[in-house]
Amino acid sequence: MAVSETRIITRRMNESDDNHNIDTYISLGGYEVAKRALRMNPDDIVESVKTSGLRGRGGGGFPTGMKWSFLPPDLFPRYLVINADEGEPSTFKDHMLIVRDPHQLIEGIICSAYAIKSNKAFIYLRGELALAYDRLSTALEQAKQKGFVGNDIDGSGFDLDIVIHRGAGAYICGEETALIESLEGERGMPRLRPPFPAIAGLYAKPTVVNNVETISTVPHIIDMGGDKYAELGVNKSTGTRIFSVSGHVNKPGNYEVELGITFRQLINDLAGGIRNNGKVKFFIPGGGSSQWLTGSDEHLDCPLDMDEVGTRFGVMLGSGAVMVYDQSTDPILVAWRLAKFYAHESCGKCTPCREGTGWLEKVLYRMSHGQGREIDLDMLLDVGDNISPGLNAPFSQTTICPLGPSSVSCVVSLNKFFRDEVLRRCKSSQSEAEMTGNNEEVNV
Amino acid sequence: MAFTQENREKALAIVEKYPYTKSAILPLAHLAQDQDGYLSEDAMREIAEIVQVSPAEVQGTCSFYTMFKRKPVGKLLVSVCTNVTCLVLGGPEIHETLSNKYALDEDVTIEEVECLAKCDGAPCFQVNYEFIEKVSPQDAIDVVEEYKSGERVARTVSGTLTDSSLIEGPTLQKGQKGGE
Ligand SMILES: Cc1cc2nc3c(=O)[nH]c(=O)nc-3n(C[C@H](O)[C@H](O)[C@H](O)COP(=O)(O)O)c2cc1C
Ligand code: SF4
Ligand code: FES
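Those protein sequences? They're chains A and B, same order as listed.
Number 223 in this note's numbering belongs to position 148 of the first sequence; there are no gaps in the numbering.
Number 881 in this note's numbering belongs to position 118 of the second sequence; there are no gaps in the numbering.
Derived from the structure by calculation, the hints contain no laboratory data.
Take these hints with a grain of salt, some might be off.
Unchecked claim - In silico DMTMM-like cross-links for lysine to aspartate or glutamate, where the CA-CA straight-line distance does not exceed 25 Å: (1) A/K192 x A/E216; (2) A/K110 x A/D93; (3) B/K785 x B/D799; (4) B/K911 x B/D870; (5) B/K773 x A/E261; (6) A/K219 x B/D926; (7) A/K280 x A/D118; (8) A/K219 x B/E769; (9) A/K437 x B/E875; (10) B/K773 x A/E259; (11) A/K311 x A/D119; (12) B/K780 x A/E216; (13) B/K897 x A/D93; (14) B/K864 x B/E896; (15) A/K280 x A/E261; (16) A/K424 x B/E820.
Claimed, not checked - Partial selection, computed: residues in chain A whose CB lies under 10 Å from chain B: (17) E161; (18) P327; (19) G353; (20) H419; (21) G445.
For each residue, glycine too, the CB sits at the ideal point set by N, CA and C.
Using the sequences and the accompanying hints, generate a full structural model.
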C-alpha cells in the first residue's frame, strides 16, 4: 500500500497559505500550547521532550531532551540559539518552515526557552533567505504586539526576548560552535570542544543550539504528550521528520513522514518516482555530507531509521535531504561538485581540511572533465585518509569539526559503487592523452 | 560612505539588541551594504567606532563572509546555484548563459553560489536574494531584463526589502503544500 504523509509540523501550512499572519495562526489554534506550557513546571517540559525521544533534526541526531539537561542547573544567564543557517546541500525544510509557518517556530522558542529557563533567544538565519527574514521579522513583531514575546508573557512572570541575526554567506556557520563565533561578531570558525556549548557557549555562557525543525516540533510534543509522540516512528527514531527530496524525481518537495518508511516509499509514493519512468542510479541520503546509496533493492528498501541506515550501510539521515539521480547522471561530476563545495566552505582552521578539500576538488575536476588518470581514485582515497583516518562511517577525524571528513564521503562512495566505471573512464582518458601527446593538465 | 543620520540611528538600535556590541558587526555590515551597494572601507571604520573595536577586527570578520562585497557590484546581484541538485537540472547552463550575456554590463553582477535551500525549485537563482525557480536559460535572461526595466522591483544588494508587497512572496512556494 502506498504510504502517505503524517503531518504534524506541516499541518497548518496545509490548511492555509497565510500562517505568517498571526491572526490566521491563532485561528488555527496557534499559541494555545505556549500559553499552557507557561503554566507548567519547566522541568516537566524537559521530561516530556526526553520521553518523546525527539532527536535533533539539524544533522547530528542528538537527543534534544538530553542536550537540554546538560545545562548546569545554577548558571545564568543562559541562551537558546536557533540554527536556521540551513546550508547543507539539497536541504530545504527549515527554509519552508520559516517562510510558511514562522509563528510555529516562535511558539516553539517560547516553550523551549521557558523549559530551559532562558530569557534570551537568538535565531541565526541564513543571510541569503531574504523572504524568510521578512516573514520571521514581521511574525516576531506581531508576537511582541500580542504579548507572546516580551516581559511577563500572558501573566506568567516569564520574560523572553528574541533576536533574529542574519548570517552573511558561510556554510560553516551552521556548525554550532562556528555559529556561536559568528553571533559574537567573529569569523565563523569552529571551536575546539570541550568546553561544550551547554557549559560555555555564546558569550561563554551556557547555551543550547537547536535546529529550526527540532524547535518547531516542541509545541506538538507538549500538546500530544511525550509518550504519544514516542509511539510514532521506529525504534530510537521517534516521531515524524521532514525529508527534502530533490533531483530526478517527478515531484521534488518536502514530505513529512513517520520515521520508518523506506527510501523506496519516499521516492516513489511521495516524490512521484523517477522522471521519464527511469531508474535510480544512486541517491544521497542525509545531505551532501553523507555517503551514498544506490538503486539496489537492498538500499531502496532500507527504512528511514537514523541508526539502522548507519549500522547497515554507513550512511546517515543527517539533515533529511534525499537527492535522487537517474541513470543519466555522471557520479564523478556530482562528486566533483560536492568536493568543490567543501573546498569553498572549509574555514581553513585545520590543515587536513583546508589543504585536503582543495586537493579532492582539483583531482575530481580533472577526472570529471575527461583528464583523469588511473591512479587518481586511489590518490583521492589517500588524501581522504589523511582527513578521516580509516575512511569509515561514522567517521573519525583529524580536524576540529566534521566538515573535513564530510568532504571525503563522496570519494568513498565513488570507490564503493563506481570504482569500475571510474577506472575505465580514467584509463581511457589517460591513454587518449598519451596517444595524442596531449599530456597537459587542465588548468584549474 | 558614512551612515546617514537615519541609518546611524538604526545602527545604534541594533547594537542595543545584543549583550556585547561586537555581535552587531554582521547586521551593521548588512545595513551599510544596503545603503552603499557594497561594504566600503569607510563603512567598516564607522562600524568599528560604533561597536568599539578596531577597524582591522571589523574587516577581519567581514572578509570571512561571501555576502559582503568589499568592491562595488552591479545594482543587480544575480546568484546562480550550481550545487548538486541544480547541477543536474540546468544550473550550470543558466550560470553560463547569464555570465556571457551580462559580461560587460556594469549594472548586473553574476555569481555562482552554493545550494540556496530551494532545491525543489531547481534550477534556481536569486536576484538580490529574491528567488527565481525552475527556469530555462532564456527565461532567466527575461527575468533579469524585467528587473533592469523596473517591471520587477528588486531588493537591495544585501537583500533588504524595498517594497513591502514582496513579503507575500511572488515566486516562492505560493500554493505549494509541502510536497505537492
Ligand atoms: C559543517 C556543519 C554544518 C552544519 N549545518 C547545520 C545547519 O545548517 N543547520 C542545522 O540545524 N545544523 C547544522 N549542523 C549541525 C549543528 O552543528 C548542530 O548539531 C545542530 O544545530 C544542533 O541542533 P539539533 O540538535 O536540533 O539538530 C551543521 C554541522 C556541521 C558540522
Ligand atoms: S574541519 Fe575544516 S571547516 Fe572544520 S574547523 Fe577544520 S578547517 Fe574549519
Ligand atoms: S542545489 Fe540548487 S538550490 Fe539546492
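Against the structure, the hints:
The suggested pairing of A/K192 with A/E216 holds, with an alpha-carbon distance near 22 Å, which does not exceed 25 Å. Note on A/K110 and A/D93: the hinted pairing holds, with a Cα-Cα distance of about 22 Å set against a maximum of 25 Å. Restraint check for B/K785 and B/D799: satisfied, since their Cα atoms lie roughly 22 Å apart, inside the 25 Å limit. Between B/K911 and B/D870 the alpha-carbon distance is near 8 Å, which keeps this suggested pair within the 25 Å criterion.
Of the supplied pair hints, the one linking B/K773 and A/E261 holds, its CA atoms being roughly 21 Å apart against a limit of 25 Å. Pair hint A/K219 plus B/D926 holds up; C-alpha atoms about 23 Å apart against a cutoff of 25 Å. At roughly 20 Å between alpha-carbon atoms, A/K280 and A/D118 fall within 25 Å of each other, so this suggested pair holds. The suggested pairing of A/K219 with B/E769 holds, with an alpha-carbon distance near 24 Å, which does not exceed 25 Å.
A hinted pair counts as satisfied when its Cα atoms are at most 25 Å apart, and A/K437 with B/E875 qualifies at roughly 18 Å. Between B/K773 and A/E259 the alpha-carbon distance is near 19 Å, which keeps this suggested pair within the 25 Å criterion. Between A/K311 and A/D119 the CA atoms are separated by roughly 21 Å; this keeps the pair inside 25 Å, and the hint holds. The hinted pair formed by B/K780 and A/E216 meets the criterion: a straight-line CA distance of about 14 Å does not exceed 25 Å.
A threshold of 25 Å between alpha carbons decides the hint, and for B/K897 with A/D93 the separation of about 23 Å falls inside it, so the pair holds. Taking the CA atoms of B/K864 and B/E896, the gap is near 19 Å; set against the 25 Å cutoff, the hint holds. With a CA separation close to 17 Å, the supplied pair A/K280 and A/E261 stays within the 25 Å bound. Taken as a hint, the A/K424 and B/E820 pair is honoured in the structure, with Cα atoms around 18 Å apart against an allowance of 25 Å.
About 5 Å separates the beta-carbon of A/E161 from the nearest beta-carbon of chain B, less than 10 Å, and the hint is met. The restraint placing A/P327 at the interface with chain B holds, with a minimum CB-CB distance near 4 Å, inside the 10 Å limit. This hint is violated: A/G353 has a C-beta 12 Å from the nearest C-beta of chain B, more than the 10 Å allowed. For A/H419, the suggested interface contact is upheld, since its CB lies about 7 Å from the closest CB of chain B, less than 10 Å.
A cut of 10 Å between beta carbons decides the hint on A/G445: the least distance to chain B is about 16 Å, and the hint is violated.
Violated hints, in rising order: 19, 21; the structure is consistent with all others.
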